[in-house]
Structures are given as C-alpha cells and as structure tokens.
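**Student:** With chain A's structure known, arrange chain B on it following the hints.
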Amino acid sequence: MHFIPQIIFIVLLAVGIYLFAKKVGFIKANILMGRDEIINDNKPLRWRNVLLLAFGQKKMFKNPLVAVLHFVIYAGFIIINIEVLEIILDGIFGTHRLFAQPLGIVYNFLINVFECFAVGVIIVCIIFLIRRNVLHIKRFLSNDLNGWPRSDANYILISEIILMCLFLTMNATDTILQGRNYGHYAQHITGNFLFSEHLQFIFNHLSSPQIEVVERMAWWLHIAGILAFLNYLPYSKHLHILLAFPNAYYANLEPKGKMHNMPEIQKEVLYAMQPELIPADAANETTHKFGAKDVADLSWKNLLDAYSCTECGRCTAACPANLTGKKLSPRLIMMKTRDRMEELGKRREKQVENWQSDEKSLLHNYITTEELRACTTCNACVEECPVSISPLDIILQLRRYLIMEESNAPQEWNSTFSNIENNFAPWKFSPEERDQWVNS
Amino acid sequence: MNVPVMAEMAANGNTPEVLFWVGCSGSFDVRAQKITRAFASILNKLNISYAILGKEEACTGDPARRAGNEFLFQMMAYNNIQILNGYGIKKIVTTCPHCFNILKNEYPELGGNYEVIHHTVFLQQLIKEGKIVIKENSPYSGKKITYHDSCYLGRANGIYEAPREVLEALSAELVEMKRCKSKGLCCGAGGAQMFKEDEPGNKRINIERTEEALATNANIIAAACPFCNTMMTDGVKNKEKEAEVHVLDIAELIEQSMVGE
Chain A
1 MHFIPQIIFI VLLAVGIYLF AKKVGFIKAN ILMGRDEIIN DNKPLRWRNV LLLAFGQKKM
61 FKNPLVAVLH FVIYAGFIII NIEVLEIILD GIFGTHRLFA QPLGIVYNFL INVFECFAVG
121 VIIVCIIFLI RRNVLHIKRF LSNDLNGWPR SDANYILISE IILMCLFLTM NATDTILQGR
181 NYGHYAQHIT GNFLFSEHLQ FIFNHLSSPQ IEVVERMAWW LHIAGILAFL NYLPYSKHLH
241 ILLAFPNAYY ANLEPKGKMH NMPEIQKEVL YAMQPELIPA DAANETTHKF GAKDVADLSW
301 KNLLDAYSCT ECGRCTAACP ANLTGKKLSP RLIMMKTRDR MEELGKRREK QVENWQSDEK
361 SLLHNYITTE ELRACTTCNA CVEECPVSIS PLDIILQLRR YLIMEESNAP QEWNSTFSNI
421 ENNFAPWKFS PEERDQWVNS
Chain B
1 MNVPVMAEMA ANGNTPEVLF WVGCSGSFDV RAQKITRAFA SILNKLNISY AILGKEEACT
61 GDPARRAGNE FLFQMMAYNN IQILNGYGIK KIVTTCPHCF NILKNEYPEL GGNYEVIHHT
121 VFLQQLIKEG KIVIKENSPY SGKKITYHDS CYLGRANGIY EAPREVLEAL SAELVEMKRC
181 KSKGLCCGAG GAQMFKEDEP GNKRINIERT EEALATNANI IAAACPFCNT MMTDGVKNKE
241 KEAEVHVLDI AELIEQSMVG E
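So the protein sequences, as listed, match chains A and B.
Read in UniProt numbering, the first sequence has 72 at position 72, and its numbers run on one by one without any break.
Read in UniProt numbering, the second sequence has 60 at position 60, and its numbers run on one by one without any break.
Just so you know, the hints here were simulated from the structure itself, not pulled from any lab data.
Each statement offered as a hint is correct.
Just the calculated beta-carbon pair ranges, DEER-fashion:
1) Pro-275/A <-> Lys-237/B: 48 to 56 Å
2) Lys-183/B <-> Arg-48/A: 18 to 26 Å
3) Asp-339/A <-> Asn-113/B: 37 to 45 Å
4) Gly-111/B <-> Gly-56/A: 34 to 42 Å
5) Asn-238/B <-> Ala-228/A: 51 to 59 Å
6) Thr-15/B <-> Arg-348/A: 53 to 61 Å
7) Ile-78/A <-> Lys-237/B: 53 to 61 Å
Examples of chain B residues lying across from chain A (beta carbon under 8 Å, computed):
8) Val-3
9) Phe-28
10) Arg-37
11) Lys-55
12) Arg-66
13) Asn-101
14) Glu-109
15) Leu-110
16) Tyr-152
17) Ser-182
18) Gly-190
Sample of chain B residues with no beta-carbon within 10 Å of chain A, all distances over it, derived:
19) Gly-13
20) Lys-45
21) Gly-86
22) Gly-88
23) Lys-131
24) Lys-135
25) Glu-136
26) Ser-138
27) Lys-143
28) Lys-144
29) Ala-169
30) Leu-174
31) Asp-234
For clarity, every value in this text was computed on a predicted model and none was experimentally measured.
Glycine included, each C-beta is placed from N, C-alpha and C at the ideal position.
Excised from the complex, chain A in its bound form (with noise of 0.2 Å):
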C-alpha cells in the first residue's frame, strides 16, 4: 500500500514523457519535411545569437515594459523548474523535501526566490491577459488570431496563474503542518517562506488531516499540471519557448538584403550562354521544382521557423503591406505554413497512402496570390521578429513558384519582365539613351 502513491507517479511520470516525446517525433518528422538547407558556419556567432536572442531575449527589449514583463514570466518559469527537479524525485522515491536537510539554509533561500518568481508569474500573466483581452492592441484584436489561436494564448497564461498558485498553496499548507509539528512535515522544518506565509490564513482553520489533503492536492496537481503543460506545448504556440533556442542558433547571419541564391538555375543560364561547359552527363540531371509550392519545397529552417512562432504578431504591426489594408500578415504566413505541416504530418501519422500529395498545397489553399503579391520585401517582419523568424523567406520562394512554374504574373510585371530582356531596364526605354542623362 505504502508504495501505490510511488507506482501512480511514476505510471504519470513515464506516461506524460513518452506522449511528449512522440509528439517531439512527429514536429521532427514534419519539419523534416523541409529540403535539405546546410546551415553549420560561423559557430561561435551561432552560440552568440542563442545567449542573446534566446536566452537575453534581445529583441523584446525593443519595447522595455513589455520585454521585462516577459522576462519574468520566462525566468520564473525556467527557474521555478528546478523545484520540479525535486517534485519528480520525492515522486518516485516516496521522500518530502528531498533537498530540504543537505541544502539546508540555501534551500530557505531557493524556495523563497521560487516564491518571488511564481508571485512574479502571477502577477505578469495577470496583466497580459488584460494586454491581450481588455485593452484594445491591435496586433491581438486582428483577425488573424480568430478561433484557437486567441483562446490557445489565453489557456496558456491562465494555466500558468494555476501552477503557480498550485505552488504557493502547497508550500503554505505544508509549512502550515509544520509548525502544527504534524506528521512526516515536523521531520523537515524549513520554516515559513516570504509569500505563502501569507496565505496560510486561508487554510489555518482547517484541520490536519485537512489541510494535509489539501497539501496534496496542491502537491499532485502542480506535477500533473506541468506534465499535462508539457503536453499541451507542441499543440501550441507556447511551443516557442523550446524552438526559440534551435532557432536563435540556426538564425540567418547574411545581411537581411540578400535573397537565397538558385544554383541550379544559375548553371542552367550558363551552360545557355556557354554551351561548352555543358559536362557529357548534363541530360541524366534530376528536373528540379522551382520555387515552393509546399511545406516540402521549404527549407527545413523555414518549417522551423513555423513552430518557433509564438503569433505575437510584431511582424504584422510593421508590415507596410497590412498597415495599409492589404491582404498580407506575415503572421499567418507561419500559422498557415504550421497548419499545412500538421494537416500533412497528421496524414503521414495515419499513414494514408501518397500522404504528401493531397489536391492541397501551401500555396493557394492556404496561402493566396493576393497576399504574395502585397509584399515590398521590407524586410520589417524579418528585423521585428524575436524569435529570429523569416516570413520574407518564405514569401519569396512561393513568389517563385508562381512566376516560374505557373507562369501567374500580374500583367504589368510580364511587361516589366520583357523590358528587363529586352531594353535591359524595366521601362520601355531604349538601351541606347541609358546615358542621356549626362546632356540633359
């Protein structure tokens, strides 16, 4: 009987990893989707990016409030986990308090900064919550976060006020029992810790036995919360706070300007403007697909890119395109680039025969001309995004596609197009007056 309590948590325990871990399996499988992008240079500046931009979160702190309030919630989060440390171990080897006698004085100290970070937590998921549901910030009233998404961001902040009130409440009705010398509790005496000493009002009414359960409660449902959190991330946007890292590192080092080059038709060009340097083995070539038209034709970091995002919408806000009423949001360029992987990643699950090729594709069904064609290749989205995200990327190679395998051009640019080959400038001008400026 002793050991019941023991065998439940680790069942929950392996239960709750191993969900996790498929479901790690399937995100993989799915960015894997993605064309092979070597991405290995310039090490050190890669480390670099990950301490700034991942961990010292560098580009939030464009707008200072905000990136502290994030901070807190990030840290917090982060910090409070090495409480979980020992939650898991106390689980499985029936203990209270593991750390509580070998750290002695230290741990007071640990968990009552725990104790200031989840007060911390609290109080910033309250106000973004607010952010996000009262006051009027256009980037979380747009439409682009109808549905699940705005209900997905609000589940996340209000399951991490239950954490962190589960945590508060456990240490409150636990150090309760100490001082009432009750049970195995008199066996650590930690004392009262900064915050929930003030509540232990609540409970100290209660008897023993009661507040025991409640302590228990607060105990098991804190774990199984954060097990079920950990499970709920790779269906969410919160999935940011472990792809940030990958993301941050693999991030583009190039000036923003440049564009992917195409090498296979660069050679394709020259081999048309010097045929000897066609080599002999030229027709056993393998015809390439030009452009993107699916999450396939994607570069693995694009599809990394479309879990990495936390649809904060700073993209958005900046996009010159959807500051003046166009279709276009960079934003739901990686939704939809994340909702075609799922739908294909779903079928390849099922293993549906030809799961990649369903009448569907990225572009068109999810993502349209219109908005294609409402970019001005700024380059904001790119310069906003925290997370080192690039929907410009993403944005250009489907602008490839539809150019180079449909042919579907507004009329003005096949005119631009035949000027350029023609005159050698997009204006109908002749070659020979490129220099009459010089007598004008």
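**Tutor:** Just chain B now, with coordinates in the frame of chain A:
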C-alpha cells in the same frame, strides 16, 4: 556635362578608381536623372577618378528576382558580371540601394566580387576626409530635414548612420519620423511593387509614409534611393504640399551645399 565612360577609358588604357553604377531609375527616370547628375557633379568637382558603363550598363535583375523571376535575374547578372569582370572592376559606387544590395550581397556567389559602396557612405567618407567642404552659407543650414530610411540600405544592410552623418554636415536640424532606422516604414516601391498596381487595400503605403514625414514639419524629406524619392514625391503631391516640402536626395543636398565649382 563631362562623364567618363568605361569603354573609352579602357580603350585609352586607363582604369578608374571607382565605377559609378547609375542604375535604371537614375538613367531613365527624369526626376532620378537629377540625382545622378548631382552625384556625377560631386565626383567631377572633386576630380575623382571614375567612369560609368554607359550603354553597357543593364538592370541588375533586382525587380525580376524579387518578383520571382530567377531566370531573368540570372541572365542579367551573368551579362553584367561578364562586363564588370571584363573591365577588371574592383570598386563600385551606386546611388541606388537596390543595385547596391544586389551587387554587394548577391553577385559574389555568381562570380562578381567587388567592393560595393552606396553613395551616402561614399559621401560620408569624403566629408570625413575633408574632401567635401560645406559652404558657410549652405542653402540648407538651419533647415528642418527628415531622413527617410530606404529598406535596402537600412534593414537590408544595416546602414543607418552614414546618411544621417552626411546630413549633419549641412548644419541642418535633423528631425526623425515616428518610425525610423530599423523601424523605418517602407515607401512601398520595393519587391517590384514599383512596377505594378497596389493590391487591394485602404491606403497607399507612400501616403502613409508621407503623412509621417509631414508630421515632423520638416521642410525637406531627404531620401537616399531613387525609388523612395519617386514614392515620397508622389505622396507630397498627393497631400498638395509640394510648395512647402521638397523631396531631395542626399547627393543633391551635398552638391548644392559644397564648396567648389
């Protein structure tokens, strides 16, 4: 005006220190031609050894590439690189941020390796070196100037300070728009938007940006890109402010303010 052409220079066995890449807008657009002449005039005044490609210059392929037409871009790049490498060009200065970006960032992979400088950085260096001296009674001294960041100079290549430093040399009062530097709002021309109608929306981007510029009460909107210049000029006309507010390129401001004939 006397502008050296590369082919003639090469025929005489001379090589210029720097090639002035004019760009399509600077060559053909009537308004942008003035910017080109202003910059060439600065080069002439300072006796800088330069040349243009003249009739041999062709579109870099920027609008084609951004629109999605990689084939056309690669063709243009191939031909341009043949010509530039043929003349053994080492250093290029250009008045167009789009040409600047593509020559600097995208031609090297295709075999075109040059030191590429935007004219605002070039002018900043000349001012620093003391080669450009601003007249005591510069027409812009004391004027209120707001600088509009070109996306292809700013965010695309991180050049925010050079154009501002050049403007500071004019002893003008520099005022910033609400969105400036890395947050600067696009003029609406990039990504080949210049060459087609807007997608459906409720406002033109250049109007939004012009309103921001007008809100600073500046007399002059300084630009560093011929496309931005066109868009902002249209915006100012649309707001019927062309009598009070002028859109001028940094090269024009310097040309009119520098000592020397």
